[in-house]
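From first to last, the protein sequence lines are chains A and B. When the letters of the first sequence are read in order and numbered with my numbering, they come out as residues 114 to 197. When the letters of the second sequence are read in order and numbered with my numbering, they come out as residues 229 to 471.
Worth flagging that the hints you see were computed from the coordinates, not collected in a lab. Predicted, not measured: the structure shown is a model, and the values here were computed from it. Here a beta-carbon is modelled for each residue, glycine too, at the ideal position from N, C-alpha and C. Heads up, a few of these hints could be off.
[What the hints assert, rightly or not] Which residues of chain A face chain B? A partial, calculated answer using Cβ under 8 Å:
| # | residue |
| --- | --- |
| 1 | Glu130 |
| 2 | Glu141 |
| 3 | Asp154 |
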Amino acid sequence: MNDEMIMEKISRILVDEFEIEEDKITTEATLYDELGLDSLDGVDLIVMLENEFGFKVDRKQDESVIRAMRNVQHIVDFIKQKAA
Amino acid sequence: MPLLLNFYFIVVLALVSAVFEVLYHLAAPIMMLVKGYRRDDIYRIKNAVYGKMMVRASWPILRVKMKGAHRVPKNRSCVFVYNHPSMIDVFFAALVPHNNLLVFVRSWPFKLKLFGWSMKLADYINSEATTHDELVERGVKLAERNVSFVVFPEGHRSRDGKLHRFYSGAFYLSINTGSPVIPVVMSGVENFFSTKFPFVRPTNVTIEMLDPVYPENFQEGQRHLAMRKHVEGIYREYLGEPL
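Can you make the complete structure from the sequences, with help from the hints?
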């Protein structure tokens, strides 16, 4: 799966589940400031990504990576890493 | 006329505030010592009563019509959620038929001199500095003591008059405490207060409490998300905004 396909799925989740306007969603958009997610949204987003991409996040092992996620590109990179 | 109304509003509310604050702060230690009440309970009830008094003392400039109080369960914790059309909504939030109300507040109001102090004494929750685990831990203990919660799920005031997307915190709290969500719809409030003179305008406000939404009616999994969407849908339908 290439970056574009991953980005498309992430965008769909952000629009459908978090009601974020589509034109705000870019790879550089920051999750908390620009897209307006809060910490609980972050946890929900991880669960949705697990379901969408079929991987399992180890809350302890992946905690530092998840905490470091600041923008949409970081999510794309995380998914690629989990899928590899 | 606007000058007179504004003068009346400022003088009456300043007097009510001053007398009430002084009397309550004198009475609070006595209630704690003699009756054994907890400090946070005393100040939460004080803030709710103060909000009710402020709104009532604003008559006839402010005419409030309450609807649906009979729908609110008595003697149990509830999560009251509100739309947020104006900067003074927290006063109207106090009009619900519960008094021990814990309000979710963003960081900045805690920095206000008098109000911030009052909020700290009432142990209000700083929604920007509290994780969802901490929220549940505190919420469960408070719900057991029949404390109810006041949440503005949009997170901030609507500046364009439209309903904005809801955050999940209120619904996560409801799921974890078992407290029903009471959707409260405020309309007309946005016309009352201005930051420029005249500060207040004669306004009719309607506050309606809708049917409780019970957390047990939502399926397993990310139940708080389903509940959030359901409640947001109730507001959109009521306010005639697109889903």
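Each hint, compared with the structure:
1. Interface restraint check for A/Glu130: the shortest CB-CB distance to chain B comes to about 7 Å, inside 8 Å, so the restraint holds.
2. With its C-beta approaching chain B no nearer than about 21 Å, A/Glu141 sits outside the 8 Å limit, and its interface hint is violated.
3. Hint status for A/Asp154: holds, given a least beta-carbon distance of 7 Å to chain B, under 8 Å.
Violated hint for the displayed structure: number 2, the only one.
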